Structure formats: C-alpha cells, structure tokens
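Participant: Sequence:
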Amino acid sequence: MFDNEFRKSYPFLTQYFESILTSENKTLSHCILFYGQNIEVQYKLAVEIARILNCKGNKSIDCDCFSCRWIRENKHPSVVTVSPIDFKEDSSKTVISVKQIQNIKASLVNTSEYYRVFIICDAKIVNDEWKPYGLNFDNFKAEASNALLKTIEETPQNTVFFFLTRDKTDVLATISSRAQGFFVPNYERKSESISEVVNLFENYPNLSSQNLFDYSQKFVDQLKVDENIFEKCLSYFNQMLKANLDNNVLKTKIIKDMFYIEKAKKMFDKGINPQTISEELYLSIMGK
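If you count by my numbering, then the sequence shown holds residues 205 to 492, one letter each, in order.
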C-alpha cells in the first residue's frame with residue numbers, strides 16, 4: 205500500500221491506516237486531523253489514503269488502475285483539495301470561503317460510486333510549484349469552519365474529511381473535538397533533543413509500578429516547562445517502533461502505548477489535572 209520509505213519513516217501511521225483500510229468494515233473515521241510541522245507529509249499521507257480507498261486494482265503503491273492514475277494526476281472527481289487557491293470560484297485567494305463549504309455540501313447531495321475525500325489545508329504557489337500549508341484562524345476563519353460543522357456531524361457514508369494543521373489549536377475546538385487526531389512527526393528537525401523524553405520512560409518497556417509516583421512526578425514537572433512534551437514522546441516512541449519492526453510483541457506494545465499518549469494529550473487539551481493525566485498514562489503503559 206504505502207511505499208517502503210514512507211513505511212520506514214512513519215511505521216505507526218502506516219500500520220494503523222493499513223489495518224483499517226484492509227479490514228472488511230473499513231472503520232475509518234469520517235473526520236481526521238493531522239498535526240505537526242511537516243504539512244507536505246500530512247498531505248502525502250491523506251492523498252495516499254484517498255488512493256487506497258478508491259483503488260480499483262490491488263491497492264499496491266504502483267497500481268496503474270484508472271482511479272489511481274486520476275489521483276496521482278490530481279484529476280479524480282471525488283478526491284478534492286480545499287484551500288484558499290483550490291476548489292474555488294471567487295476571487296479571494298487568502299481564505300477558505302463559506303462558498304467553498306457550500307459547494308462541498310452541494311457535492312454531497314448526489315451519490316457517488318467512489319469514496320469521497322476532502323483534504324482541507326492552506327496552499328500557496330512557491331517558485332511556480334503548489335505547496336500545502338497548515339490551517340490557522342487567518343486562512344480558515346470561524347465563519348467557514350462553523351458552516352462545515354453540521355456536515356462533519358452528519359457525514360454521508362464513504363466520505364472523509366482531512367484537516368492539515370501544525371497544531372490542533374490552529375482550528376476551532378468544535379472542529380478538533382469532532383476529529384480523530386494524529387501527530388505526524390517531523391524528521392527534518394534532527395537536532396531536537398529527546399533526552400528529557402528518554403528519562404521519562406527509563407527502563408521501558410519494563411516500567412515498575414513501584415516507581416509510579418516518581419515517573420508520574422517527572423512527567424508533570426516536564427509538562428510545566430514544555431507543553432510539546434506529548435509530541436516529543438510520540439516522536440520518541442515512533443523511533444523505538446522503527447527500531448523494533450521485527451519484534452512483533454514489542455511493536456504491538458509500542459503502538460498501543462502511542463495511543464495512550466494520544467489519549468493523554470487529548471485529556472491535557474481539555475484542561476484535566478496534569479497529575480491525573482500522568483498517573484493514568486503510566487498505569488496504562490504498565491498494563492494496570
């Protein structure tokens with residue numbers, strides 16, 4: 205499905221989506237929010253998921269069915285990029301307009317033989333090349349966001365919305381709360397230190413419940429000085445996953461623990477007490 209380079213760089217994301225896309229039920233969320241610094245990778249991931257959903261062949265990376273070709277050529281009628289410069293009739297090129305949202309709604313009235321995918325992001329032409337950028341309150345204003353809410357809540361079957369952001373807080377909470385969020389690491393930032401994260405999970409995966417208080421307190425102390433600690437933890441666990449792809453037992457545990465970290469991040473965003481979040485996170489990782 206995904207190419208080998210992408211699978212090696214993002215094993216958690218590719219394995220998760222491959223498991224969903226190959227299941228009989230295809231329990232894919234109708235609303236997905238990617239967040240992280242590398243918007244181009246987010247866009248590539250969204251397009252590749254759209255390709256797999258609509259593939260009429262064997263779903264391989266080199267499939268040459270007409271649907272896969274359309275998507276690679278950006279011509280598929282049911283895979284649409286919505287940005288200030290795409291899927292747009294009005295003259296403004298700085299914001300996603302309410303008119304664009306109305307056009308999305310109108311397009312969903314009719315049935316389709318394809319899986320409809322809307323990738324919502326900012327975009328610019330740089331050196332004659334189209335580039336995706338993250339959504340924020342300047343390019344995706346509250347009026348347009350609110351116009352989309354009911355559609356997200358009552359999404360037709362075989363339809364998915366992707367929102368591309370640098371941070372979950374770059375879109376309205378009413379959008380992010382309805383979406384399934386996925387952190388997409390940025391591997392261009394090689395110099396970013398994760399030493400503090402390593403210290404938080406010393407002796408992983410064999411964390412002792414006898415040291416629960418110490419682990420929990422260290423996490424709370426780190427959270428006080430670095431609100432990006434959840435993203436750093438996910439990056440660290442993703443590195444561990446890449447290093448242990450041949451160890452099925454450890455690989456399965458790492459993936460499960462990454463979901464626990466995502467859950468902890470959501471709790472933090474809701475304003476839940478950090479001590480409670482930390483204790484629940486470590487108890488989950490310890491299997492308690």
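Treat the hints with caution; some may be incorrect.
Stated by the list, open to error - The calculated lysine-lysine pairs, modelled on DSSO-like cross-linking and capped at a C-alpha distance of 30 Å, are:
id: 1; residue 1: 446; residue 2: 422
id: 2; residue 1: 212; residue 2: 354
id: 3; residue 1: 457; residue 2: 470
id: 4; residue 1: 436; residue 2: 446
id: 5; residue 1: 457; residue 2: 354
As the list claims (entries may be wrong) - What follows is a list of derived Cβ distance ranges for each label pair:
id: 6; residue 1: 232; residue 2: 269; range: 18 to 24 Å
id: 7; residue 1: 410; residue 2: 265; range: 46 to 52 Å
id: 8; residue 1: 265; residue 2: 425; range: 43 to 49 Å
id: 9; residue 1: 207; residue 2: 312; range: 27 to 33 Å
id: 10; residue 1: 371; residue 2: 425; range: 37 to 43 Å
id: 11; residue 1: 269; residue 2: 418; range: 23 to 29 Å
id: 12; residue 1: 491; residue 2: 302; range: 45 to 51 Å
id: 13; residue 1: 261; residue 2: 491; range: 40 to 46 Å
id: 14; residue 1: 335; residue 2: 373; range: 28 to 34 Å
id: 15; residue 1: 451; residue 2: 302; range: 20 to 26 Å
id: 16; residue 1: 384; residue 2: 341; range: 20 to 26 Å
id: 17; residue 1: 475; residue 2: 408; range: 24 to 30 Å
id: 18; residue 1: 446; residue 2: 333; range: 25 to 31 Å
id: 19; residue 1: 220; residue 2: 261; range: 34 to 40 Å
The set of hints was computed from the structure by calculation and includes no laboratory data. Quick caveat: nothing in here was measured; it's all calculated off a predicted structure. Just so you know, even glycine gets a beta-carbon here, dropped at the ideal spot from N, CA and C.
Participant: It remains to establish, for every hint, whether it holds in the given structure.
Facilitator: A quick look at each hint next to the structure:
1. 446 / 422: Answer holds: residue 446 to residue 422 is near 26 Å, not above 30 Å.
2. 212 / 354: violated (37 Å)
3. 457 / 470: Since the Cα atoms of residue 457 and residue 470 sit roughly 20 Å apart, the hinted pair holds (cutoff 30 Å).
4. 436 / 446: holds (15 Å)
5. 457 / 354: This hinted pair is violated, its Cα atoms lying about 37 Å apart.
6. 232 / 269: 18 to 24 Å: The hinted range 18 to 24 Å holds for residue 232 and residue 269, with Cβ atoms some 20 Å apart.
7. 410 / 265: 46 to 52 Å: violated (37 Å)
8. 265 / 425: 43 to 49 Å: holds (44 Å)
9. 207 / 312: 27 to 33 Å: Because 31 Å falls inside the window, the suggested range holds.
10. 371 / 425: 37 to 43 Å: violated (23 Å)
11. 269 / 418: 23 to 29 Å: This hint is violated: roughly 55 Å between Cβ atoms.
12. 491 / 302: 45 to 51 Å: holds (49 Å)
13. 261 / 491: 40 to 46 Å: Hint holds: Cβ distance 41 Å, inside 40 to 46 Å.
14. 335 / 373: 28 to 34 Å: Because 23 Å falls outside the window, the suggested range is violated.
15. 451 / 302: 20 to 26 Å: This hint is violated: roughly 50 Å between Cβ atoms.
16. 384 / 341: 20 to 26 Å: The hinted range 20 to 26 Å holds for residue 384 and residue 341, with Cβ atoms some 22 Å apart.
17. 475 / 408: 24 to 30 Å: Check passed, 28 Å falls within 24 to 30 Å.
18. 446 / 333: 25 to 31 Å: Because 30 Å falls inside the window, the suggested range holds.
19. 220 / 261: 34 to 40 Å: violated (23 Å)
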